[in-house]
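For reference, the chains in residue letters:
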Amino acid sequence: MKIWGTGILKGFVITMRNWMRGPMTVQYPEQRLTLPERARWTVTQKFNEDGTTKCTGCLICEKECPDHIIRIEMSKLEDGTKHIDDYVYEVGACMMCGLCVAACPFDAIYMSHEYELATRHSADLSRVLLHDVDAYVKPKPKKEDEPDA
Amino acid sequence: MNAVAPIAIRILAMLGLLLVNGVVLIYMLRKVLGRLHIRIGPNRVGPFGLLQTVADVVKLLTKEDLMPDSADKWLFWIAPFVVFVPSFLAYLPLAFGPNLAVTRLDTGLLFLLAVLSLIPIGVLMAGWASNSKWSLVGGMRAAGQQIAYEVPLLLSVLGPVMMAGSLDLSKIIEAQKNLWFVFPQFIAFIIYIIAAQADTQQTPFDMSEAESELITGFANEYGGMRFGFLFLAEFSNMFIVAALGTALFFGGWYLPFLADNPIALSLGPVIFIAKAYIGIFVMMWARGALPRIRVDQLLAFAWKALIPISLSWVVIWACIQRLVLVR
Chain A
1 MKIWGTGILK GFVITMRNWM RGPMTVQYPE QRLTLPERAR WTVTQKFNED GTTKCTGCLI
61 CEKECPDHII RIEMSKLEDG TKHIDDYVYE VGACMMCGLC VAACPFDAIY MSHEYELATR
121 HSADLSRVLL HDVDAYVKPK PKKEDEPDA
Chain B
1 MNAVAPIAIR ILAMLGLLLV NGVVLIYMLR KVLGRLHIRI GPNRVGPFGL LQTVADVVKL
61 LTKEDLMPDS ADKWLFWIAP FVVFVPSFLA YLPLAFGPNL AVTRLDTGLL FLLAVLSLIP
121 IGVLMAGWAS NSKWSLVGGM RAAGQQIAYE VPLLLSVLGP VMMAGSLDLS KIIEAQKNLW
181 FVFPQFIAFI IYIIAAQADT QQTPFDMSEA ESELITGFAN EYGGMRFGFL FLAEFSNMFI
241 VAALGTALFF GGWYLPFLAD NPIALSLGPV IFIAKAYIGI FVMMWARGAL PRIRVDQLLA
301 FAWKALIPIS LSWVVIWACI QRLVLVR
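Going line by line, the protein sequences match chains A and B. First residue of the first sequence? That's 1 in the numbering used here, and the numbers climb one at a time after it. First residue of the second sequence? That's 1 in the numbering used here, and the numbers climb one at a time after it.
Note that these hints are calculated values from the structure, not bench results. C-beta: ideal position from N, C-alpha, C; glycine also. Among these hints, one or two may not hold up.
[Stated by the list, open to error] Short, incomplete list of chain B residues facing chain A, as computed with Cβ under 8 Å:
1) K31
2) R35
3) L36
4) I40
5) M67
6) A71
7) A101
8) T103
9) M283
10) W285
[Claimed, not checked] Distance condition first, Cα-Cα at most 27 Å in a straight line; then the derived DSSO-like pairs of lysine-lysine:
11) A:K46 with A:K10
12) A:K82 with A:K140
13) A:K10 with B:K31
14) A:K46 with A:K140
15) A:K10 with B:K304
16) A:K82 with A:K54
[What the hints assert, rightly or not] Across the chosen pairs, the derived CB separations fall in these ranges:
17) A:L125 with B:V282: 45 to 55 Å
18) A:S112 with B:D69: 20 to 30 Å
19) A:W4 with B:P269: 30 to 40 Å
20) A:R120 with B:A55: 24 to 34 Å
Sequences are here, hints too, so could you generate the full structure?
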């Protein structure tokens, strides 16, 4: 049986229950939610233990990027190895798809958890991740001695 | 000078109460609605956000006083005051304690309701003078709604008036020393809270503001302190109907079972205002709980349900009082 006014009372009860639950708001600058482990934010370089870059300058990330926001300017040194003049990354246009990270064969970049990306100047939206460094040359695996036939 | 000073002090106290009420109620509304929505509400300006309303008032005061080009200048200018002055005058007959009222009128209740019924004129003026269709729709709605709901409001207060035998609010409160009128007059009380909520244009009856469709309706084109006046009047109306409900149904400054206690009597005004604020809290609770009803439902409810019920309650109670209580 429907009694007139029960819906109104139900509304009052629900809102009072909400009152008792207390606020569930997170006060952002002081309190933060922890990001999930696989959250994807800015593309960031990984480095070797000695601080040198892991990037070999293979340009796969540049080719893979759907937004064309990674630009690597390179030159060749006299000994034939590559030299990275600038690794430019446009944060403002990045959609954080993570394809570059998935494509990188040398595990040189990763999606960081840096999510406070607002800047005062538009120039800050273009980041130079690497500047004037020698590309990483993967040490050639030692040729194992031919086993005795 | 001696004749003028006490009057001036009373008027200033009235104005002070109105302004403090406005500031406190805006803060309270935000906090209460926040908690009902599982939020926190204002918490940045001052401790617990206590100074938020002060900051807002300063903002409103320093804003440019804009007027639309096509507005009806004179009406646009005067409308906020036509809304504000009645709600200011309505504090006159309120009795806060045994000997504490701005003035004691024999027809205080009649005066209060008469003054409150002037507000729709100001609201309609504001809506018309803005020369905007949203404002006009809001103003028309407010006028239609307040005229419709004033009838049950007036009829619902007749029960307590019959019981007390007076229109003087102090006498009505004194008559409730032993029995609050809410118990014998429960039906009148229900009608009163519905009609009061509608008369002050609080959600679920805020057709004239209707934030989601009319964007504050009649106050649409107002800015700065004119807007402030319109809203101050609204919040002060909330306090007035809550205080009137306290006086008519909840025994004003009396505490239950402690009616003769001298300490309780000396705390009369505090008790009165606390009761009024509890009433305001319930109004805000309804605001957080209930959705806005449709205009046709609103008017049909007033004319088809509330007015017949309140009229028959007046007749029934008159019969009871004449035949049973007073032999």
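Results for each hint:
Annotation: interface hint on B:K31 violated; nearest CB of chain A at approximately 11 Å, more than 8 Å. For B:R35, the suggested interface contact is upheld, since its CB lies about 5 Å from the closest CB of chain A, less than 8 Å. Interface restraint check: B:L36 against chain A, minimum CB-CB distance 4 Å, threshold 8 Å, status holds. Annotation: B:I40 was flagged as interfacial toward chain A, and the flag holds, the nearest CB pair being 4 Å apart, inside 8 Å.
With 8 Å as the threshold, the beta carbon of B:M67 stays out of range of chain A, its nearest partner Cβ sitting at about 37 Å, so the hint is violated. The beta carbon of B:A71 is not positioned within 8 Å of any beta carbon in chain A (closest approach about 39 Å), and the interface hint is therefore violated. Checking B:A101 against chain A: minimum C-beta separation of about 33 Å lies over 8 Å; hint violated. A hinted interface residue such as B:T103 counts as satisfied when its beta carbon comes closer than 8 Å to some beta carbon of chain A; here the least separation is about 38 Å, so the hint is violated.
Hint on B:M283 is violated. Least Cβ distance to chain A is approximately 12 Å, over the 8 Å limit. Restraint check, B:W285 versus chain A: the minimum CB separation of about 7 Å is within 8 Å; hint holds. With a C-alpha separation of about 56 Å, the suggested pairing of A:K46 with A:K10 is violated against the 27 Å cut-off. Annotation: proposed proximity of A:K82 to A:K140 holds, straight-line Cα distance about 16 Å (limit 27 Å).
Restraint check for A:K10 and B:K31: satisfied, since their Cα atoms lie roughly 22 Å apart, inside the 27 Å limit. Restraint check: the Cα-Cα separation between A:K46 and A:K140 comes to about 21 Å, which is no more than 27 Å; the hinted pair holds. Proposed proximity of A:K10 and B:K304 is supported: the alpha carbons are some 25 Å apart, at most 27 Å. Pair hint A:K82 plus A:K54 holds up; C-alpha atoms about 13 Å apart against a cutoff of 27 Å.
The hint said 45 to 55 Å for the Cβ distance between A:L125 and B:V282, and at roughly 51 Å that hint holds. The supplied range of 20 to 30 Å is broken by A:S112 and B:D69, whose beta-carbon atoms lie about 53 Å from each other. Taken as a hint, the range 30 to 40 Å holds for the pair A:W4 and B:P269, whose Cβ atoms sit roughly 39 Å apart. In this structure, A:R120 and B:A55 meet the distance hint of 24 to 34 Å, their C-beta atoms being roughly 25 Å apart.
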